[in-house]
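Participant: Going by UniProt numbering, the sequence shown opens with residue 1, and the numbers climb by one from there.
These are computed hints drawn from the structure, not numbers from a lab. A hint or two may mislead.
[Stated by the list, open to error] As a list, the in silico DSS-like pairs of lysine-lysine whose alpha-carbon atoms are at most 30 angstroms apart:
1) K4 x K75
2) K210 x K195
3) K195 x K27
4) K4 x K97
5) K155 x K4
6) K195 x K75
7) K27 x K210
8) K4 x K27
9) K27 x K97
Here the structure is a predicted model, which is why all the values come from computation and not from measurement.
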Amino acid sequence: MENKIILRPLNHSDLNALENIIRRTWKYDTFTSPESARRLAKVYLASCLIRYTWSQAAEVNGTVAGIILAKNHTKRSCSLKYYLRWFTGLCQLLSRKEGRELLHFFQHISQIDARLFRQANRQYDGEVALFVLDEEYRGLGLGNQLFHSMLNYMKQEQLNTFFLYTDSSCNFGFYEHQGMTRRQMYRCTLDMKGKNAEMEFFLYDASPDKL
Numbered sequence: 001m002e003n004k005i006i007l008r009p010l011n012h013s014d015l016n017a018l019e020n021i022i023r024r025t026w027k028y029d030t031f032t033s034p035e036s037a038r039r040l041a042k043v044y045l046a047s048c049l050i051r052y053t054w055s056q057a058a059e060v061n062g063t064v065a066g067i068i069l070a071k072n073h074t075k076r077s078c079s080l081k082y083y084l085r086w087f088t089g090l091c092q093l094l095s096r097k098e099g100r101e102l103l104h105f106f107q108h109i110s111q112i113d114a115r116l117f118r119q120a121n122r123q124y125d126g127e128v129a130l131f132v133l134d135e136e137y138r139g140l141g142l143g144n145q146l147f148h149s150m151l152n153y154m155k156q157e158q159l160n161t162f163f164l165y166t167d168s169s170c171n172f173g174f175y176e177h178q179g180m181t182r183r184q185m186y187r188c189t190l191d192m193k194g195k196n197a198e199m200e201f202f203l204y205d206a207s208p209d210k211l
């Protein structure tokens, strides 16, 4: 039976499913409790939704399979409902020691991203705020479809350059295959639940018209 694939804007009803996809994709449950993993996914998704100006979700046979969020830097975006969702989740994490330790860890990741951005020393018209796809639905071409939908949005908005952050825990080769440039890289050792993990963090950029 052929899969029914639909690309459409984000619906509020997608949030729980997307939080679960984020939680599984980045394996939050391997370094924290299930409750903290759930709260962390909620905070992370909401932090991305605060910044987006465009969305495209992939639905397969009625099930949300992934999403890409883009940000036009020339437009203001701060949805009150997503800000409140982020703030509520943040308070829930801060209420427990485990949650505070998680936030400290991810604050360090944010500092690495900020370092990559400074070192790139470029002005960007847009960015990819989030791009995640459920592993169960990989191999259907959804990643390509979502990515090229984002490129079409960038072109329609006449954005000349955009960037995104990724790391060695993700399929960063996808962006090179799409023709993006690895502009900056940072390698470090992170302490994850008492275990050292070597990781690389990247900033990729491109011009939509050249991809």
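Participant: Is K27 close enough to K97, meaning Cα to Cα at most 30 angstroms?
Facilitator: 20 angstroms, holds
Participant: Is the straight-line distance between the alpha-carbon of K210 and that of K195 30 angstroms or less?
Facilitator: 41 angstroms, violated
Participant: Under the criterion that the straight-line Cα-Cα distance not exceed 30 angstroms, is the pair K4, K75 satisfied?
Facilitator: 34 angstroms, violated
Participant: Quickly compare the C-alpha distance for K195 and K75 to 30 angstroms and report which way the hint goes.
Facilitator: Roughly 41 angstroms separates the two Cα atoms, so the pair is violated.
Participant: Between K195 and K27, does the CA-CA distance stay at or below 30 angstroms?
Facilitator: Within the cut-off at roughly 15 angstroms; holds.
Participant: Taken at face value, is the distance from the CA of K27 to the CA of K4 at most 30 angstroms?
Facilitator: Given pair K4, K27 holds - Cα atoms ~28 angstroms apart, limit 30 angstroms.
Participant: Against the 30 angstroms threshold, does the CA-CA distance of K155 and K4 hold or violate the hint?
Facilitator: 27 angstroms, holds
Participant: Given the hint that K4 pairs with K97, does the C-alpha gap stay at or below 30 angstroms?
Facilitator: 44 angstroms, violated
Participant: Taking only the CA atoms, is the gap from K27 to K210 under or equal to 30 angstroms?
Facilitator: Violated. K27 to K210 sits at ~34 angstroms, over the 30 angstroms cutoff.
Violated hints, listed in ascending order, are 1, 2, 4, 6 and 7; each of the other numbered hints is respected by the structure.
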